[in-house]
Amino acid sequence: MSVSRETFESQVLGLLGRLQGVARRLTRNDTDAEDLVAETVARAWRALDTLEHEAAFRGWIFRILNNTFLDECRRRGARPRFEPLDCEAPEGDEEQQFSIFEQMHQPFLLWFSTPEQEFLDKLLREDLERALATLPECYRIVVILSDLEEFSYAEIAAALGVPVGTVRSRLARARSALQKILWQQAKDIGLAAEAPAENECSETASAPRATAGRRKKGEVT
Amino acid sequence: MTKHEIDCEQALDQLIEFVDHELPEGKHSAMQHHMRACKSCFSRFEFERRLKEKLGTLRDTEVSSDASERIKRLLKSF
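Chains F and R, in that order, are what the protein sequence lines are.
Numbering-wise (our numbering), the first sequence opens with residue 1 and increments by one.
Numbering-wise (our numbering), the second sequence opens with residue 1 and increments by one.
No lab work stands behind these hints, which were simulated from the structure alone.
Warning: the hint list may mix true and false statements.
[To be verified] Lysine-lysine pairs mimicking DSS-like chemistry, simulated, CA-CA at most 25 Å apart:
hint : chain 1 : residue 1 : chain 2 : residue 2
1    : R       : 54        : F       : 180
2    : R       : 27        : R       : 52
3    : F       : 180       : F       : 122
4    : R       : 52        : F       : 122
5    : R       : 39        : R       : 52
6    : F       : 122       : F       : 187
7    : R       : 54        : F       : 122
8    : R       : 39        : F       : 122
9    : R       : 52        : R       : 76
10   : R       : 39        : R       : 27
11   : R       : 54        : F       : 187
12   : R       : 52        : F       : 180
13   : R       : 52        : F       : 187
Given the sequences, and given the hints that come with them, work out the whole structure.
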């Protein structure tokens, strides 16, 4: 055994809030989340020999959490949206390119007046919660581990059992999908509209050259 | 453009790793340099960074006392 019983206990108790939080987002249900964490801890204890060193504990136990969740979904016959194949980008995937910034950014506006930043200012916690809950499981887990739990790519790779390069590409698709959902939500309630002019990427931080296509602050609301 | 400089296309290709602090030092510095020079790429970086920051506020670490007791009992049973 690579870590002692005392170390196992203190690591589990130290991570309990985060395990519970991630489990709640995966299961969307307090009772299922508690069952998932309990089953994860039991499995982790039985699999302690597979933990190489204490420093790897976090990635290791979150991998067990994720696998336990997937096993439970399969056992219940839930639609396997989380299956690895579903996470891979289809040929010519358009979703990967979606960016709220590209939809809204207007390069000729003044530095301090940017519709995309105003969009972020108006985003409520509930908007983000709803968008995150709508993401397919395979995308939701990478956003949770990266953006909420602040895992490194290497830790996410360990937690999901995939190469680091896969983490990067999956995160890119997940964030694109999340932005697409947020954008749709915002459009549905009239909070967002596309920028009128095409964007450009200038290599200089020059002052705005014109005010063509400029939108007043209030128009994005 | 010197060998340390990158253009907008290269910057956008690496934006996700830059936002996530996953770039090696040399590439990270080149990105910082580009962000200081390019308003558009900087604006995009700021958008992505702030969205990530907002998502970070959703982190949920609440554990009910019942759930905590359950895990403590489980640990004692091993």
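Please work out if residue 122 of chain F and residue 187 of chain F have their alpha carbons no farther apart than 25 Å. Distance of about 13 Å is within 25 Å: holds.
Mind checking the alpha carbons of residue 54 of chain R and residue 122 of chain F for me, to see if they're no more than 25 Å apart? Holds, at roughly 11 Å.
Pair hint outcome, residue 54 of chain R versus residue 187 of chain F [Cα-Cα no greater than 25 Å]: 20 Å, holds
Compare the distance between the alpha carbons of residue 27 of chain R and residue 52 of chain R with 25 Å, and conclude whether the hinted pair is satisfied. Holds, because 21 Å separates the two Cα atoms, which is no more than 25 Å.
Would you mind confirming whether the straight-line C-alpha gap from residue 180 of chain F to residue 122 of chain F stays at or under 25 Å? Judged against 25 Å, a Cα distance of about 16 Å means the pair holds.
Decide if the proposed pair is consistent with the structure: residue 52 of chain R and residue 180 of chain F, CA atoms, cutoff 25 Å inclusive. 15 Å, holds
Within 25 Å, alpha carbon to alpha carbon, are residue 39 of chain R and residue 52 of chain R? Within the cut-off at roughly 20 Å; holds.
Would you mind confirming whether the straight-line C-alpha gap from residue 52 of chain R to residue 122 of chain F stays at or under 25 Å? 15 Å, holds
Measure nothing beyond the straight line between the CA atoms of residue 54 of chain R and residue 180 of chain F; if it is 25 Å or shorter, mark the hint as holding. 16 Å, holds
For a C-alpha distance cap of 25 Å, please report whether residue 39 of chain R and residue 27 of chain R respect it. Within the cut-off at roughly 19 Å; holds.
Taking only the CA atoms, is the gap from residue 52 of chain R to residue 76 of chain R under or equal to 25 Å? Since the Cα atoms of residue 52 of chain R and residue 76 of chain R sit roughly 38 Å apart, the hinted pair is violated (cutoff 25 Å).
Regarding the pair residue 52 of chain R and residue 187 of chain F, is the alpha-carbon distance no greater than 25 Å? 21 Å, holds
The structure fails hint 9 only (numbered hints given earlier).
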